[in-house]
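Chains as they are written, first to last, in the numbering used here: chain C, 1 to 113; chain A, 114 to 224.
Incorrect hints may have been included.
[Claimed, not checked] With the C-beta cut set under 10 angstroms, the calculated list includes, among others, these residues of chain A facing chain C:
| no. | residue |
| --- | --- |
| 1 | Tyr145 |
| 2 | Ile212 |
| 3 | Ile213 |
Treat the hints as calculated values from the structure; they're not laboratory data. Note that this is a predicted model, so its numbers are computed, not measured. Beta carbons: idealized from backbone N, C-alpha and C, even for Gly.
Chain residues, written in single-letter form:
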Amino acid sequence: DSGVTQTPKHLITATGQRVTLRCSPRSGDLSVYWYQQSLDQGLQFLIQYYNGEERAKGNILERFSAQQFPDLHSELNLSSLELGDSALYFCASSLETGSTEAFFGQGTRLTVV
Amino acid sequence: LAKTTQPISMDSYEGQEVNITCSHNNIATNDYITWYQQFPSQGPRFIIQGYKTKVTNEVASLFIPADRKSSTLSLPRVSLSDTAVYYCLVARYSSASKIIFGSGTRLSIRP
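Full structure from sequences and hints, please.
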């Protein structure tokens with residue numbers, strides 16, 4: 001158990017819909033990362049937050065957004081969903097913003113039908 | 114960010130030592146080398162991290178030559194449960210941290 005909690009574990013939704021994925025980082029970790037993993041694309045870095053502020057951005061679509069709340073949990077919002085958004089979405093946390101030792105959650109499997 | 118190159122796949126047998134090499138020719142002075150392990154449908158798990166020479170923990174060893182243009186992850190006496198994808202990544206401590214994963218090495222352990 002990494003200490004990172006992601007909910008829900010599975011999500012099935014229709015195209016055009018909007019969903020919110022939630023992540024609770026390890027106790028004490030200030031930095032949260034979001035990744036998307038689909039079969040053909042590997043692990044894609046989406047975005048990083050540190051203590052409530054956005055710190056780094058990767059290949060995150062404009063239809064996607066994220067935020068980190070004062071209690072340090074984070075949410076990833078995916079809107080206008082397309083079939084191609086079906087993937088595993090992982091959240092990771094680390095103590096420092098610059099640390100490369102991150103702890104990953106078990107992921108949310110999103111299926112868009 | 115330094116690009117990394119590692120074998121797409123490797124096979125080995127239980128009880129053997131497995132060495133996975135990663136090339137990172139453009140590594141910068143402030144970059145650290147980090148390895149992760151990922152099982153199917155699970156999040157990656159941090160294995161080991163190093164800057165130079167050799168680092169060892171209870172799971173693996175990491176060998177980094179003086180020029181730091183490559184690194185080798187060594188898994189002693191592997192078992193079937195070591196079958197996974199192993200990612201080598203190079204990143205630096207900074208205020209804006211992108212932990213970028215490459216394609217990884219798919220390691221298959223046979224009985």
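Flag every earlier hint the structure violates by its number, smallest first.
none
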